[in-house]
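Undergrad: Read off the chains here:
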Amino acid sequence: MIQVLATNIISPLGFTTQENYQAVKAGKSALFCQEVWKGIPHAFTASLFSKEQEDRFLVPGFTRYESLVIASIKEALLHTDVNLHGNRTALVISTTKANVENLSMDAHADNSYSSPATSALKIARHLGFTTQPIVVCNACISGVAAQVLADRLITHGSYDTVVVCGADVQNPFVVSGFMSFKSLSPYACRPFDIERLGLNLGEAAATMVFGKDQAPHAAWKMVAGALNNDAYHVSAPSPVGEGAYALLQGIQVYATPASLALLSVHGTATMFNDQMESKAIERAGLSAVPVSAVKGYYGHTLGAAGVVETIVSMESVSDGAVLPVKGFIEIGVSGKVTISSEAVPTTKSNFVKMISGFGGCNGVVLYAQKEDFTAPVYQPKKIKTVRQVTITPQGYAIDGVAQAVQTNGKSLLTEIYKTHVGDYPKFHKMDVLCKVAFLAAELVCKDRPSTCDANQRAVVLFNHSSSVVADKKHLATIQKADEFYPSPSVFLYTLPNITTGEIAIRHGIKGETSLYILPENDASLMHTIVESTFALSPVKEMITGWVDCSDANLFEANIKLLTIE
Amino acid sequence: MEQLVLTLKEQIIETLNLEEITPDDIENDAPLFGDGLGLDSIDALELIVILDKYYGIKLGSPAEAKEIFTSINTIADYVVKNRTK
Numbered sequence: 001m002i003q004v005l006a007t008n009i010i011s012p013l014g015f016t017t018q019e020n021y022q023a024v025k026a027g028k029s030a031l032f033c034q035e036v037w038k039g040i041p042h043a044f045t046a047s048l049f050s051k052e053q054e055d056r057f058l059v060p061g062f063t064r065y066e067s068l069v070i071a072s073i074k075e076a077l078l079h080t081d082v083n084l085h086g087n088r089t090a091l092v093i094s095t096t097k098a099n100v101e102n103l104s105m106d107a108h109a110d111n112s113y114s115s116p117a118t119s120a121l122k123i124a125r126h127l128g129f130t131t132q133p134i135v136v137c138n139a140c141i142s143g144v145a146a147q148v149l150a151d152r153l154i155t156h157g158s159y160d161t162v163v164v165c166g167a168d169v170q171n172p173f174v175v176s177g178f179m180s181f182k183s184l185s186p187y188a189c190r191p192f193d194i195e196r197l198g199l200n201l202g203e204a205a206a207t208m209v210f211g212k213d214q215a216p217h218a219a220w221k222m223v224a225g226a227l228n229n230d231a232y233h234v235s236a237p238s239p240v241g242e243g244a245y246a247l248l249q250g251i252q253v254y255a256t257p258a259s260l261a262l263l264s265v266h267g268t269a270t271m272f273n274d275q276m277e278s279k280a281i282e283r284a285g286l287s288a289v290p291v292s293a294v295k296g297y298y299g300h301t302l303g304a305a306g307v308v309e310t311i312v313s314m315e316s317v318s319d320g321a322v323l324p325v326k327g328f329i330e331i332g333v334s335g336k337v338t339i340s341s342e343a344v345p346t347t348k349s350n351f352v353k354m355i356s357g358f359g360g361c362n363g364v365v366l367y368a369q370k371e372d373f374t375a376p377v378y379q380p381k382k383i384k385t386v387r388q389v390t391i392t393p394q395g396y397a398i399d400g401v402a403q404a405v406q407t408n409g410k411s412l413l414t415e416i417y418k419t420h421v422g423d424y425p426k427f428h429k430m431d432v433l434c435k436v437a438f439l440a441a442e443l444v445c446k447d448r449p450s451t452c453d454a455n456q457r458a459v460v461l462f463n464h465s466s467s468v469v470a471d472k473k474h475l476a477t478i479q480k481a482d483e484f485y486p487s488p489s490v491f492l493y494t495l496p497n498i499t500t501g502e503i504a505i506r507h508g509i510k511g512e513t514s515l516y517i518l519p520e521n522d523a524s525l526m527h528t529i530v531e532s533t534f535a536l537s538p539v540k541e542m543i544t545g546w547v548d549c550s551d552a553n554l555f556e557a558n559i560k561l562l563t564i565e
Numbered sequence: 001m002e003q004l005v006l007t008l009k010e011q012i013i014e015t016l017n018l019e020e021i022t023p024d025d026i027e028n029d030a031p032l033f034g035d036g037l038g039l040d041s042i043d044a045l046e047l048i049v050i051l052d053k054y055y056g057i058k059l060g061s062p063a064e065a066k067e068i069f070t071s072i073n074t075i076a077d078y079v080v081k082n083r084t085k
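Top to bottom, those sequences are chains A and B. Read in order, the letters of the first sequence correspond to residues 1 to 565 in our numbering. Read in order, the letters of the second sequence correspond to residues 1 to 85 in our numbering.
It is possible that some hints are incorrect.
Computed Cβ-Cβ distance ranges for the label pairs, DEER-style [unchecked claim]:
1. A:His-85 / B:Gly-38: 38 to 48 Å
2. B:Glu-2 / A:Lys-51: 50 to 60 Å
3. B:Glu-64 / A:Thr-407: 38 to 48 Å
4. A:Ser-524 / B:Glu-64: 51 to 61 Å
One side only, chain B facing chain A, incomplete, derived with CB under 7 Å [stated by the list, open to error]:
5. Glu-46
6. Lys-53
7. Ser-61
These stretches of chain A come out as covered by chain B in the derived footprint (C-beta under 8 Å, 3 or more residues) [claimed, not checked]:
8. 175-182
9. 228-242
10. 487-495
Hints in this document: simulated from the structure, not taken from any laboratory. Virtual Cβ for every residue (Gly too), placed ideally from N, Cα, C.
Whole structure, please, built from the sequences with the hints as guidance.
TA: Structural data, given as structure tokens:
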């Protein structure tokens, strides 16, 4: 359990948490239809910064995305006396595509692009952090996953303070990807409504500064959080909300449904998401808890969404109100939920934020303002390595023993597949990063049936290059307006956590699946994250390690299967 | 028509990365989804891209395209009637 020391939201609705909350409370929406925008051949509705707003947050020498992160963190830190020096404060950034708008097909043309991890390091040093930053890249759940990580890092004792910043900006790369999935609504989105047509994208950054819980104190506390995977499909949620239901059920150990002022849903206004969430809510016995959904004000701000929506929920509960669900008129989901287009007063002091995303992942966090909850117990575990596999373009080794190979480079991956798998045609559809991770996971699990429950098994991967190979491939499909054919199966792999989802589906893993991007292959930092994950989650078995792919022929995996003694 | 059917099969095999499958393996009237080729929801979206890119046919959503995507024959029929390039 940790305490919230300060927050900030920078969005087209305002530059501080208060400005944002007051705008939302007044019913303002930042969603506008973009008829012609940056070469995109179709109109779409989104929440985007104006030129004037951009000029306010741009920092010389930094990209638009980086400037936004810096501005949000700086404003949040104004309200605290946190010491960034001395190695006791961590920076955790949650983002899906970071600087991708600066990525260029021509390696020599543009040098403003830097990968999410390199960019995070640049931001961290500029702001004065002395520790290594961690980027959480779990598609739409990143913002909630980052809060869960903050809780673990502080409770583990490695840090006193964690600054979480969720941020994403919009660009043709991201918009075209969502277009290829037919996920975008041409109009302002209608969460949970019968006439919903899809989501709207949005730009924002939001920061939460967390410290150790110092009771008694009236501050907001993040009591508990958890992540899991549906192991159902990489781009569609389980129709009955299997994973989301399990999380909503699990969180009730720490607070009763009667104590909840609201349940902040993902509410993207896509057909499948909202329906799935309604089923999960009903199944978990939370039908009577008022639903809060803010995509009608902000759009889907991707890596920022989990943080923005948690902060808005905090402000709303502090203000004694559940805000109207903008865009909602008539119920269009089959699960029973309490949802309203009017503001509803509340005197309760706890809330739950739920979220789901591509890769089959789900997340949940519980917040409390008073003493109406039970906190989870931190239980350090003895971890042991069952098997270790390394794969490089030159060969692969199991527990340090090099295996005989006939090929190298990309062909080596096909060779390993044919030798050890052979019956999973989906393998051929994966991108290189995913293939490497998939094969390493196959080899660490081979001939060793798990003895754990599905929800006790996890996949936690680390890398440096994010999904840069897939990113360039997707970029190539949208270079010219008259040859604008973004491909959903290419765009999918530009979310590097899809890799963890593919492994979860293959092995029936329904516990946590996470992908962290780090400035370097840092064994000590990875150990801290893994150790604290075991200690503050139901996980008993984990496929984990480093898997990086900076070029189609340049890959590296060092994956272990861990269990607890 | 025969040529179009073959071209469609080749485009589908290449775009969907159907490794170890040749045009001869795909029966013209066998279901593409479910039991047949076992395609899924992302493949359906990918078929929409194929129709747009090679034949200038714009389809709104997989739901709208469901009947068109029943088999190779139904796709070929639709392409013949609606192609703009």
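Undergrad: Find the hints from earlier in the document that the structure breaks and name them by number, from lowest to highest.
TA: When the structure is compared with the hints, only number 1 turns out to be violated.
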